[in-house]
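Chains as they are written, first to last, in this note's numbering: chain A, 1 to 147; chain B, 1 to 147.
Think of the hints as simulated: they come from the structure by calculation, not from any bench.
A virtual CB, placed ideally from N, CA and C, is assigned to each residue, including glycine.
Hints are not guaranteed to be accurate.
Here are the computed distance ranges between Cβ atoms for each label pair [as the list claims (entries may be wrong)]:
1) B:Arg81 - A:Gln86: 57 to 63 Å
2) B:Asp72 - A:Asp82: 52 to 58 Å
3) B:Glu92 - A:Phe19: 41 to 47 Å
4) B:Arg54 - A:Asn35: 43 to 49 Å
5) A:Gln86 - B:Glu23: 32 to 38 Å
6) A:Gln99 - B:Pro61: 42 to 48 Å
7) B:Glu92 - A:Gln86: 25 to 31 Å
8) A:Asn35 - B:Asn34: 57 to 63 Å
9) A:Ala110 - B:Arg104: 31 to 37 Å
10) A:Lys4 - B:Asn13: 42 to 48 Å
11) A:Pro14 - B:Pro61: 27 to 33 Å
Within a straight-line C-alpha distance of at most 27 Å, the following computed DSSO-like cross-link-like pairs (lysine-lysine) qualify [what the hints assert, rightly or not]:
12) A:Lys52 - B:Lys103
13) B:Lys52 - B:Lys2
14) A:Lys52 - A:Lys2
15) B:Lys103 - A:Lys103
16) A:Lys52 - A:Lys4
17) B:Lys52 - B:Lys4
18) B:Lys52 - A:Lys103
2 protein chains.
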Amino acid sequence: MKVKELATAAGVNPDTVRFYTREGLLQPTRNPDNNYQQYDAEDLRRLRFARKARQLGFSLPEIRQILARADDHHSPCPMVRDVFQQRLVVVEREIAELQQLRKRMISALAAWQEMPDGTPDGHTICRLIEHWDDPSAESCCEEPKHE
Amino acid sequence: MKVKELATAAGVNPDTVRFYTREGLLQPTRNPDNNYQQYDAEDLRRLRFARKARQLGFSLPEIRQILARADDHHSPCPMVRDVFQQRLVVVEREIAELQQLRKRMISALAAWQEMPDGTPDGHTICRLIEHWDDPSAESCCEEPKHE
DNA sequence: TTTGACCTGTGAGTTGGTCACAGGTTTTAC
DNA sequence: GTAAAACCTGTGACCAACTCACAGGTCAAA
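Can you make the complete structure from the sequences, with help from the hints?
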């Protein structure tokens, strides 16, 4: 298979295939006649796996590691499960943060839905943002640097 | 105020102050003696505004626009409200997507919590990812390009 | 045979910062 | 008085995960 064929089969951009190849996630052979990359069914499986893992929140280095271990006939699965569980925590935190944000946005919108557009005091909204005290900022600001 | 003083007052990294200055969000004057940037209380207000707007999901170009309009004594607020409402839609979509993701992750974890680590069939997890059919993929894959 | 669609590698752009570097200035300490 | 530390300056690289652009080579169909 050539780049575009693989890309089409996996439903991704051909540039993504090239990118993953550059990144070492795919290791195609070469057609010596024309120097084209040659992908096989195994590459398609790897690519599909990579895409699904991406959707589940794995990073490319993680995916590369998983694939490399699988190539070595090690079972990558305990490691996968670890990363997976860590990801779940992150995802749940992200959900909570976004829900906080949503609540704040809705209350801000409500607060300023009451006044028409051309209100002489049109700057109210900006003041609303300006003086809006972030309830998620525990005691102070986030620490500027953390190791 | 010098860079670090402003940064400290706003609780941000000094490099962020320099970055925002480069980006035109802050317009300090110069101390002709030493060529240092000089920020005033107004810059602190702008910076605080910018940080809060960032937390609410505004992009830097949007913030720059809002500040520029405010400088021109136009009320930026109707525009702000528009952007704000659009952001709310995006945030809600992101929440829904993350919740979908979370559900899938939890069911995947549940499916493989049943088997111990050293299972001979340790590749199950990877197959689980591999053969996991994305329920959020409506009929096909996401469109590769959209204007 | 020519046109168009594909292939190649490399390099830049995206976002919102953060960090590194090299050199100038100011403050603090002895 | 002077030396070191802490600050300032601008510029440019780096992060993730692609995406796009470019210039030149290859190949299939009309």
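field: In rising order, the numbers of the hints this structure does not comply with
entry: Violated: hints 1, 3, 6.
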